[in-house]
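**Q** Below, each chain spelled out in residue letters.
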Amino acid sequence: MDAPKPQILDRRLPVITLLLVGGALVIALFPGWSSWLIYDRPAILSGEIWRMFTGHWIHFSTSHLVYDLLALGIAGWIIETKNLPHFGWLCLLAPWLISAVLLVSEPQMNLFGGLSALATTAIVYLALFGLHDAPPWRWVCLAALLGIAGKIFFEMSTGRMIFVTTGNVPVTVSVAGHISGALIALLFYGWSKMFAGRNRQ
Amino acid sequence: MTKTIWLTIGLAATAAILVAGCDTFSGRGEQHRASNLYAYLYSGQKEHIDAPTIPVLSLPLRVGVAFVPVDNPNGRNNYSYAEDLTFSENQKMDLMKQISGQFKQYPFVKSIELIPTAYLTSRGGFANLDQIRTMYGVDVMTLLSYDQVQFTGEGVLSLTYWTIVGAYVVPGEKNDTKTMMDAAVYDIASRKLLFRAPGIGSVKGSATPINLSEQLRADSKKGFDQAATNLVANLKVQLEEFKQQVTNAPAEYKIEYKPGYTGGGALGGMETIIVGGLGACFLWTRRNRKF
Chain A
456 MDAPKPQILD RRLPVITLLL VGGALVIALF PGWSSWLIYD RPAILSGEIW RMFTGHWIHF
516 STSHLVYDLL ALGIAGWIIE TKNLPHFGWL CLLAPWLISA VLLVSEPQMN LFGGLSALAT
576 TAIVYLALFG LHDAPPWRWV CLAALLGIAG KIFFEMSTGR MIFVTTGNVP VTVSVAGHIS
636 GALIALLFYG WSKMFAGRNR Q
Chain B
6 MTKTIWLTIG LAATAAILVA GCDTFSGRGE QHRASNLYAY LYSGQKEHID APTIPVLSLP
66 LRVGVAFVPV DNPNGRNNYS YAEDLTFSEN QKMDLMKQIS GQFKQYPFVK SIELIPTAYL
126 TSRGGFANLD QIRTMYGVDV MTLLSYDQVQ FTGEGVLSLT YWTIVGAYVV PGEKNDTKTM
186 MDAAVYDIAS RKLLFRAPGI GSVKGSATPI NLSEQLRADS KKGFDQAATN LVANLKVQLE
246 EFKQQVTNAP AEYKIEYKPG YTGGGALGGM ETIIVGGLGA CFLWTRRNRK F
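Going down the list, the sequences are from chains A and B. Offset between the first sequence (1-based) and the working numbering: plus 455. Offset between the second sequence (1-based) and the working numbering: plus 5.
If you are wondering where the hints come from, they were derived from the structure by calculation, not from laboratory data. It cannot be assumed that every hint is accurate.
[To be verified] With the C-beta cut set under 8 Å, the calculated list includes, among others, these residues of chain A facing chain B:
| id | residue |
| --- | --- |
| 1 | T517 |
| 2 | H519 |
| 3 | D523 |
| 4 | A526 |
| 5 | L566 |
| 6 | L581 |
| 7 | W592 |
[To be verified] Over 12 Å on every C-beta distance to chain B, these chain A residues come out as not near it, computed from the model:
| id | residue |
| --- | --- |
| 8 | I471 |
| 9 | S501 |
| 10 | G502 |
| 11 | H511 |
| 12 | L642 |
Where a beta carbon is used, it is the ideal one built from N, C-alpha and C, also for glycine.
Just need the whole structure built from these sequences, with the hints factored in.
**A** Have a look at this one:
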């Protein structure tokens with residue numbers, strides 16, 4: 456593990472995070488758009504591939520929206536304030552990759568919605584970088600990683616019966632979405648470290 | 006002559022007493038109304054043994070709720086017999102609605118169908134349930150049965166109720182009303198009993214010979230109401246236990262999702278704590294310039 460080094464905190468507005476959160480809020484204000492934007496497997500397979508990206512911004516209820524935005528908003532704000540690399544690319548590519556994983560791993564799932572998988576990606580990405588920082592931030596990040604890993608393990612072992620009702624829609628918890636989100640964060644973290652190593656050379 | 010007259014009067018009196026006695030004791034001093042689950046499911050199979058199969062629960066479940074018809078050895082529903090003014094179809098429907106309310110609280114239940122008793126054949130068994138399954142598209146069936154006895158005679162009396170898991174013996178006293186209700190939840194495809202919940206009602210007898218029939222009718226209704234309330238409370242507990250059991254015993258239940266289900270995330274308490282902790286620590290370290 457690298458030695459702890461000081462980081463420059465960015466006092467600019469967390470633009471990417473604001474765009475992510477604002478987008479979800481705007482879509483929530485216009486529910487009529489949902490039918491055109493939601494992850495809809497048959498529609499995606501018939502060519503409406505934008506749904507692979509936009510589907511993550513559709514939420515089934517207010518509580519679904521609030522929890523997702525809270526998690527993504529805080530994680531995104533810290534990432535941008537700490538000026539962690541490639542967050543924009545992460546937010547641009549992760550939704551496509553998560554949807555691709557869902558298309559392959561969950562063929563029976565017709566509809567998917569929510570920013571939870573992207574929020575998981577952001578939390579894991581932030582926590583992985585935090586392992587290089589000084590305590591107590593390092594320990595908090597380690598605890599966050601263990602917490603996310605524990606939650607995913609819990610979902611995998613008991614996910615057979617994890618059903619939530621968001622609004623009046625019975626929703627099956629998509630464990631694959633959370634796993635793929637965490638793995639994409641790991642992939643981007645590795646790529647960032649490799650990229651930074653090459654630049655140093 | 007006088008002797009003959011007295012002999013005739015004596016014989017007539019004895020005959021009258023015997024006739025009256027037959028009438029009084031023909032019902033063993035009790036009023037009894039019941040629909041029997043065991044008779045409905047297994048009357049045609051005295052040597053019935055359930056094959057040990059693992060139920061495949063296709064989530065979210067579609068649940069049917071119905072009252073078992075009153076047992077009729079002819080195998081047909083005799084509506085003149087089945088129609089009970091004390092426990093009317095309206096009361097049954099109210100209870101079924103309460104039960105469906107319990108199921109609706111769980112997101113793994115997609116829909117609930119309230120099925121009129123007329124669609125169930127007396128002694129119909131699983132063949133009848135298969136028909137219901139096709140007709141209503143239900144996966145799981147909640148079969149409700151009841152047994153009520155009102156003891157109008159003297160002596161040591163009891164109500165014995167046969168359930169799938171054994172007999173209940175409830176002691177009773179004169180003019181008492183004892184009611185037993187039972188909800189058995191079956192996976193129709195595997196014929197497996199998923200869980201059951203009982204409901205018991207007991208009304209102490211307060212009737213006098215003058216208002217006996219009126220009071221017994223009121224007690225009967227009260228007994229059904231009590232048993233129904235008790236049943237709904239027990240069902241709630243059993244449903245929660247069933248949910249835990251399915252989660253904790255993957256070898257006993259196979260879970261699959263119905264094609265076309267909707268997926269989503271389940272961020273909640275855990276993630277709120279994680280991001281809350283990250284945010285708080287970040288603010289604290291920033292203020293104290295630790296990095």
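**Q** Hey, does H511 of chain A actually stay past 12 Å from chain B on C-beta?
**A** The claim is violated: H511 of chain A sits with its nearest Cβ about 9 Å from chain B, within 12 Å.
**Q** Double-check A526 of chain A for me: the hint is only fine if its C-beta lies closer than 8 Å to a C-beta in chain B.
**A** holds, 5 Å
**Q** So, as I understand it, the hint says H519 of chain A touches chain B; can you test that by seeing if any CB pair is closer than 8 Å?
**A** holds, 7 Å
**Q** With d taken as the least Cβ-Cβ distance between S501 of chain A and chain B, does d exceed 12 Å?
**A** Label holds. Min Cβ-Cβ 15 Å, cutoff 12 Å.
**Q** Could you let me know if the closest chain B CB is still more than 12 Å away from the CB of I471 of chain A?
**A** holds, 17 Å
**Q** Would the stated hint for D523 of chain A survive a check requiring a Cβ distance to chain B of less than 8 Å?
**A** Given a least distance of 6 Å, the restraint on D523 of chain A holds.
**Q** Closest CB-CB distance from G502 of chain A to chain B, is it above 12 Å?
**A** For G502 of chain A, whose nearest Cβ neighbour in chain B is about 20 Å away, the distance exceeds 12 Å, so it holds.
**Q** For the hint on L581 of chain A, does the least C-beta distance to chain B fall short of 8 Å?
**A** holds, 7 Å
**Q** Would you check whether W592 of chain A satisfies its interface hint, that is, whether its CB is within less than 8 Å of any CB in chain B?
**A** holds, 5 Å
**Q** Grab the minimum C-beta distance from T517 of chain A to chain B and call the hint holds if it beats 8 Å, violated otherwise.
**A** violated, 13 Å
**Q** Closest CB-CB distance from L642 of chain A to chain B, is it above 12 Å?
**A** With a cut-off of 12 Å, L642 of chain A remains clear of chain B, as the shortest Cβ separation is near 20 Å.
**Q** Under 8 Å is the threshold here; is the Cβ of L566 of chain A close enough to any Cβ of chain B for the hint to stand?
**A** holds, 4 Å
Taken one by one, the earlier hints fail for this structure at numbers 1, 11, listed in ascending order.
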